[in-house]
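Protein chains in written order, with the numbering used here: chain A, 94 to 247; chain B, 28 to 254.
Hints are computed from structural coordinates only; laboratory data are not their basis.
You may find that some hints are simply not true.
DSS-like, lysine-lysine: derived pairs with alpha carbons at most 30 Å apart [unchecked claim]:
| no. | chain 1 | residue 1 | chain 2 | residue 2 |
| --- | --- | --- | --- | --- |
| 1 | B | K179 | A | K163 |
| 2 | A | K154 | B | K213 |
| 3 | A | K154 | A | K234 |
| 4 | B | K213 | B | K151 |
| 5 | A | K154 | B | K144 |
| 6 | B | K139 | B | K108 |
| 7 | B | K179 | A | K142 |
| 8 | A | K100 | A | K142 |
| 9 | B | K50 | B | K151 |
| 10 | A | K154 | B | K210 |
| 11 | A | K142 | B | K210 |
| 12 | A | K167 | B | K179 |
| 13 | A | K154 | A | K167 |
| 14 | B | K179 | B | K144 |
| 15 | A | K142 | A | K159 |
| 16 | A | K159 | B | K179 |
| 17 | B | K242 | A | K142 |
| 18 | A | K159 | B | K151 |
| 19 | A | K229 | A | K167 |
| 20 | B | K50 | A | K142 |
| 21 | B | K210 | B | K179 |
| 22 | B | K144 | B | K108 |
Not close to chain A: a few residues of chain B, all C-beta gaps over 12 Å, as computed [unchecked claim]:
| no. | residue |
| --- | --- |
| 23 | C37 |
| 24 | E109 |
| 25 | D148 |
From the three backbone atoms N, C-alpha and C, an ideal C-beta is built for every residue, glycine too.
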Amino acid sequence: MADKILKEIIDRYPRERRYALAVMQDMQRHYSYIPREGLELLAGHVGCKVAELYSMATFYKALSLKPRGKHIIKLCNGTACHIRGSVNLINGINRELGIAPGETTEDGEFTLELVNCLGSCALAPVMVVDETYYGKMTLEKLPSILGEYRKEAK
Amino acid sequence: MIITIDGKACECEKGEFLLQVAKRNGIDIPTLCHHDGLPGQAACRVCLVEVKDGGRSQVTASCVFPVDHEIEVSTNSRKVKEERGMVLALLRMRAPGSEVIANMCEAYGAPKIGRLKPVVDGDKCILCGLCKRACASLGNGAIETLMRGTQKYVGTPYDQPSADCIGCGSCAEVCPTGAIEMKDEKGVRTIWGSEFRLVYCRECGKLIGTEEYMKAAGNTDDLCDDC
Numbered sequence: 094m095a096d097k098i099l100k101e102i103i104d105r106y107p108r109e110r111r112y113a114l115a116v117m118q119d120m121q122r123h124y125s126y127i128p129r130e131g132l133e134l135l136a137g138h139v140g141c142k143v144a145e146l147y148s149m150a151t152f153y154k155a156l157s158l159k160p161r162g163k164h165i166i167k168l169c170n171g172t173a174c175h176i177r178g179s180v181n182l183i184n185g186i187n188r189e190l191g192i193a194p195g196e197t198t199e200d201g202e203f204t205l206e207l208v209n210c211l212g213s214c215a216l217a218p219v220m221v222v223d224e225t226y227y228g229k230m231t232l233e234k235l236p237s238i239l240g241e242y243r244k245e246a247k
Numbered sequence: 028m029i030i031t032i033d034g035k036a037c038e039c040e041k042g043e044f045l046l047q048v049a050k051r052n053g054i055d056i057p058t059l060c061h062h063d064g065l066p067g068q069a070a071c072r073v074c075l076v077e078v079k080d081g082g083r084s085q086v087t088a089s090c091v092f093p094v095d096h097e098i099e100v101s102t103n104s105r106k107v108k109e110e111r112g113m114v115l116a117l118l119r120m121r122a123p124g125s126e127v128i129a130n131m132c133e134a135y136g137a138p139k140i141g142r143l144k145p146v147v148d149g150d151k152c153i154l155c156g157l158c159k160r161a162c163a164s165l166g167n168g169a170i171e172t173l174m175r176g177t178q179k180y181v182g183t184p185y186d187q188p189s190a191d192c193i194g195c196g197s198c199a200e201v202c203p204t205g206a207i208e209m210k211d212e213k214g215v216r217t218i219w220g221s222e223f224r225l226v227y228c229r230e231c232g233k234l235i236g237t238e239e240y241m242k243a244a245g246n247t248d249d250l251c252d253d254c
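Make a model of the complete structure from these sequences and hints.
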């Protein structure tokens, strides 16, 4: 089953190495990570070694080799957000969800990532869940925001 | 064309690289990442020289500097010594476990940098990438540089034994700092987490390679080059 979807994603592109990154992005979008079989199939498709693709996949932050949560929480830890207390939010999220930066909750709902700047320092500290920005974040706001996504999941 | 290296007139062809010309003329330029079979690496920056051209001078990596007109080169000027020393001192921080680099630091007077700490204690790799190029150029492509920035390292996909590795040992052979672990013991070679059966010449008993390497090389009669 998984193989069929992977094949479909891969077959959208010509058998040339320069499309490898585009294919990996599509896999990332579909699975929220790049499955190992995906890398192996892709290597066969574009005619290069798995090591080359693996090197690319580890190089780009946008690509992940481990399954990620349904919702991606990006917490800014840039200069402005750091000074405005983003570290407290890291601890707050840890208390709420039990995950540290880079980790995924056991139920596969949330992944927490630290980013270096989201370009909206006026709203510091900033948190982004999926595509939604939450500015001037406080510990008090955390439970209700995360709760919305939890509800959605159920 | 004639260029001057350390006051010595050296004949060379247009387009030749400085390091090559110097070597041929018996002038020693230290280097780590240069390998004649895989030129153009220019990663370690140890082969720095000063090139004087008219009124201008520049310090540059000799392994990738093509000669195209008459220039004056110095491999030991004050500027070169300073910059090469710093490059070596930084490499020592990157690869504190490497004896080769420690000896070079000694020989070429690298300064001690107190304010920096070694990146990884005991590491020998300077991330020049020669090993992965050797592997790829042989058509195996089993190892690559993984991750990036301070986390960068050389390894196999998923840090597991790779089906692409044939145990030829080329990566360990070209590594300038001996960072790749390879063990030949009791007829078995261990490298990159895989084990390979070793094959010896049936005439003279010399080690030829691994079974997988023999298959890849199309050598079926188990004879070494000399027999």
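Quiz item: What are the numbers of the hints that this structure violates, sorted from low to high?
Solution: Structure breaks hints 2, 10 and 20.
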